[in-house]
Structure formats: C-alpha cells, structure tokens
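Q: My request is simple: use the sequences and hints to build the entire structure.
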Amino acid sequence: MEAIWLYQFRLIVIGDSTVGKSCLIRRFTEGRFAQVSDPTVGVDFFSRLVEIEPGKRIKLQIWDTAGQERFRSITRAYYRNSVGGLLLFDITNRRSFQNVHEWLEETKVHVQPYQIVFVLVGHKCDLDTQRQVTRHEAEKLAAAYGMKYIETSARDAINVEKAFTDLTRDIYELVKRGDITIQEGWEGVKSGFVPNVVHSSEEVVKSERRCLC
Amino acid sequence: TKVADEKTCIQFSIRRPKLPSSETHPEEGVYKRLDVAAWLHHLNELGQVEEEYKLRKAIFFGGIDVSIRGEVWPFLLRYYSHESTSQEREALRAQKRKEYAEIQQKRLSMTPEEHRAFWRNVQFTVDKDVVRTDRSNQFFRGEDNPNVESMRRILLNYAVYNPAIGYSQGMSDLVAPILAEVLDESDTFWCFVGLMQNTIFVSSPRDEDMEKQLLYLRELLRLTHLRFYQHLVSLGEDGLQMLFCHRWLLLCFKREFPEAEALRIWEACWAHYQTDYFHLFICVAIVAIYGDDVIEQQLATDQMLLHFGNLAMHMNGELVLRKARSLLHQFRLLPRIPCSLHDLCKTCGTGMWDSGYIPAVECTGHHPGWESCPYGGTVETPSPRPPREGKKGPKMPRDGFGFRR
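Just so you know, the protein sequences line up as chains H and V, in that order.
Counting in this note's numbering, the final residue of the first sequence is number 1453, and the numbers go up one at a time with none missing.
Counting in this note's numbering, the final residue of the second sequence is number 476, and the numbers go up one at a time with none missing.
Simulated DEER-style distance windows between Cβ atoms:
{"hint": "1", "chain 1": "H", "residue 1": "Glu1377", "chain 2": "V", "residue 2": "His438", "range": "46 to 52 Å"}
{"hint": "2", "chain 1": "H", "residue 1": "Gln1338", "chain 2": "V", "residue 2": "Asn208", "range": "31 to 37 Å"}
{"hint": "3", "chain 1": "V", "residue 1": "Ile366", "chain 2": "H", "residue 2": "Glu1377", "range": "50 to 56 Å"}
{"hint": "4", "chain 1": "H", "residue 1": "His1350", "chain 2": "V", "residue 2": "Trp441", "range": "27 to 33 Å"}
{"hint": "5", "chain 1": "H", "residue 1": "Arg1371", "chain 2": "V", "residue 2": "Val107", "range": "52 to 58 Å"}
{"hint": "6", "chain 1": "H", "residue 1": "Gln1352", "chain 2": "V", "residue 2": "Gly436", "range": "28 to 34 Å"}
{"hint": "7", "chain 1": "H", "residue 1": "Ala1384", "chain 2": "V", "residue 2": "Ile366", "range": "44 to 50 Å"}
{"hint": "8", "chain 1": "V", "residue 1": "Gln209", "chain 2": "H", "residue 2": "Gln1338", "range": "35 to 41 Å"}
{"hint": "9", "chain 1": "V", "residue 1": "Arg191", "chain 2": "H", "residue 2": "Leu1367", "range": "16 to 22 Å"}
{"hint": "10", "chain 1": "H", "residue 1": "Ala1384", "chain 2": "V", "residue 2": "Glu185", "range": "30 to 36 Å"}
{"hint": "11", "chain 1": "H", "residue 1": "Thr1374", "chain 2": "V", "residue 2": "Gln209", "range": "40 to 46 Å"}
{"hint": "12", "chain 1": "H", "residue 1": "His1350", "chain 2": "V", "residue 2": "Ser305", "range": "19 to 25 Å"}
Hints in this document: simulated from the structure, not taken from any laboratory.
Every residue gets a Cβ at the ideal spot worked out from N, C-alpha and C, and that includes glycine.
A: So this is what it looks like as structure tokens:
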C-alpha cells in the first residue's frame, strides 16, 4: 500500500561520471554504502519518503543517470520532468568541479520552460586529505548561480540526509508559495495520495511482495 | 524517516512460464549446443568453416558450449574470417599482435599535453570503471588482478585506435566477458573492435544510433504487440522514449539476465542469423512475456521503468530467446512490411530474405513526408499471398502476427 504523502517531487542527480552519484542515492534510499558498484548505464530511479514537518511527508523520486550520458532522447525526458536536482562534483577531482558550469548549461537547454531548483554538492568529503577544491571556492560558485552548497560523504554518511531534506524543504516552500505549481503533463511535482482507509493488512502485503525486489 | 520502499508496492506475476507451440519457431529444438565435436564437424581439414550460414544458424538456435566460446567468438565477432585456414589465422594473430603493440606504443608515447587530454577524457574514467566491472566473476576478482590490468589496457588502447568513439561507460561491461573467454589480450582487443563495428546496439556514444534503434523498436512493437504500443502512445512523448529499454540496448541485456543467459543472448545476436537486429526481437520478446501487467495496470512511464528494472535478473533468458526466435520467424512470414522497417532488412548481409522470399514494403503513412515515400505504392512481390487492398495507411494485423491466442 502507498504510504501517505503530500507531494511527490522528482529529483535528478547529475555530475561527471565517477563523482559518486549512485552511491549517494543508495546511501540515502537504502542506508548503505557499496564499496564497488557497476558504472551506471541508462536510467534508474529510487524512491524514499521524507518527513519535512511532523506528519507532513514528501515522496522523493530520485533519478540516477550515467555521468557520461550523451543521448539527448534520454536526457530530455528526465530533465524536463524534474523539479529539483543535486549537482555533484567530487572534491578530490578538480575537473568535475570545473564541469559544473557545463552541467548547468546542459540542463538549461533541456528543461525549458520549467526550472530546476539545484543544490551544489561537493561529494566524497571524507577524503579531505586529497581535496582539490576548497570549500570557499565551491561556496562562491554556488552563490554565483544562486544555489546552496553542501559537502557530503556517502561512505561516512555525512550530510546525506541533510542534502536531500534541505532541497526538499526549499522546493516545498516554493510549492506552498505557488511559485511552483502542479501541471498537467509535467512530472516534477505531483499531488499526494491520501487513502481514506488504511489497510490493516499492510505489513502482510508488503512482505509478500518483497520477494522479487 | 524511511517509510516505504516503492519497490515493495509493485506486484509481479509471471504468467507465462511456457510458450504455446504456436509461439515457437518451427525449428526450435532441432539444434543442440555447439560442442567441440559439432564445432570440429563444421571445419574442413584446413580449418576453414565449411558453411558459414549453417554454423551461424546452429549457434543462433543452440548456442555455444562454454569450453569453445573463446575459439568460436572471434569468428562471430569477425576477427577471423570463416574462409581463413588455421594457418592463416595464426599468421593473422601474429600480425595483429604486432599492430596492437604499435597502438599501445602510440598511447605510451604521447606528448605531455596529449597525455593530459587523454587522461582527462578517457583514462580517468577507464581507471575507475575497470575495477568495478564484473567483480563477481572469479576472473576479475581480487586486488591487483592482472586480468583487470589487461581490460584496462584494451580499453585505453581502443580509445587511441578509435579516438572518434574513445571511451563510453558501458564498454568495460562489454569487453570483460570477451576477455574472460578469449583470454589473450591482443585477440580480445581485435574481437572488441569487431564488436564495436558490427553490432549496432553497443554503447555507441551517438544520439542517432540510439534514436534509430528506438524507432525500429517502436515500429516492431506496433506491428507485433499493438496493445503495448498503444499504451506507450497514451503516455505521450515520454512513454515513447522507452526509458526502460535503454540499458537493454546499451549493454545488450547484460544486466538483465544472469551471465550464462546473457551470453547466450549475445551469441544469438552475434550469429546475425536472418537479421542484424535480433536484439530488437529480444526486446519485443521481453515486453511480450513480461509486459502484460504494464498494460493491465496502465503503468505510467516511471512505474514502467521500475517494473522492468525490478525484473532484471529475474527473467527467464531461455524463454525470452525462444520467444524472440519465434517473433523473427513470424516477422519473416509477413507478406508486407512497413516502410519504417525497411532499413532493418536493407542493412543486412545475406540471409535476411535468403530463401527467395522478399516481402513487399508498404508505406505506413506514419512518417513526415509520407506522400512522397518511395514505398507509397505496393511493390510487386513473389509472395504466394495476394496483395491486400488499399495502398496507404496502417493496414497491419490488429494484434501480433496472427498468433492464435
């Protein structure tokens, strides 16, 4: 059964290959860190509920993409349908930081007429000794684009919750204020599902269906 | 707080564990797996493949025994020609080994500036990808595994050999199983070159290739599984992008089936039996066998992606292969094919319409500029069946190729 949620937000996670997009998403949605994961090819998405205020839940649908994705047919569909995004770079890889601009430009082309609320994420902050991008310059870049900046680590579970939850809150505020509205044919924000009856058999049903997942 | 995992809310039911006989290829079950004895039978005393077509057909239906994959794959990947003698192949290997060494030398003697660019565009990603590719395979397991180092060199050298393609993620997934069977680094490199040249679906970085594949697939679905096609249409542009099958195409189903089954599918595709596009028939087969819920529950684009994503590693590869072979057979029985799929035959070598059976090509009227389509009229056909009335517009059978259900 669907749990009760106010809205569904669709988020994308983008950035150069190997900056740790899939690991960040897995840490957030599954609570674990895989040392080794296959390079992402194609598209995948993961879901999780977050409680932004007591009793107020938002369902996040987080789309994971290949950092090297060059197929416009793929990119169009998921950029266009997103309300928020985490733009990742790897703090130990200066190149991935330099490419932040390219990613924003790329997104801009595909997303119009909609807009995406981005947060800039400096990932792998557990590897501070190998740091090639200072916090200061990342904050400056983020400010220049009107984004927030946060440093995360999927390995040590640092700021992972915060990165997603803060972004969710910001989007929620925009939705509340009417700056972002639900629109037909756009999957970025969907209105929630509030069932009248909560099935007592919920747990049973869940475990039955878990087998193939 | 974590409340619910979406995956727990999707219900699967795999309803068709078997195919009715009307949905199997008439030659199904005739061919055994190609083992050493059968393989030797295909070779003459000089080591030439006597009848290439027969060999490819046998592989298409029966697959190749694991013990001789390393020996036969180089033929399928067009590294060795079928006419070559054993002696010629040894000479070729020696020559190609030299060529490979030269390519590697070229890579190792870049100017510092070239090397910086190469490192940025290729090596950085390759280095990170090879150590996370096929780690569950014994062949690549462990720290400082020399086979991982071979895989790394092959990919780097390939990017030097073919700078226009360079490296895209997914290539490591394709090269790893070849290396694990062929074993020799230079031979694997040249097999991989053949793979990248002769298969259309591989992780090519170009937009047009993917678009072409998706276009053909949509048309095949329209022809063979109208209900599913209509569901996609009802979802609009996003549905027709078929996000759920992109990885299928890019990695040739490698992440959808356990390795043994995935490699059987690779061999069936590489056999190029009657079509260069067998992988699209595999896609249709998956949809036909596992897609009923999508239609019945009217799944949206994202749910559809989740549905097929969750099926990964839980599908029956043998069943899918059998269904795909049957679909190809049925496709060949069509008295006419839509102009949109005309290229699907045109780009094939001998074999697609080899039995003197040439279907008529008919304009579907579904594409821009159809008024001037060269297939606007019905081409005369040696088909035994009389041509249908009406020349324009979609005149396809309503559901499937006329399978009895």
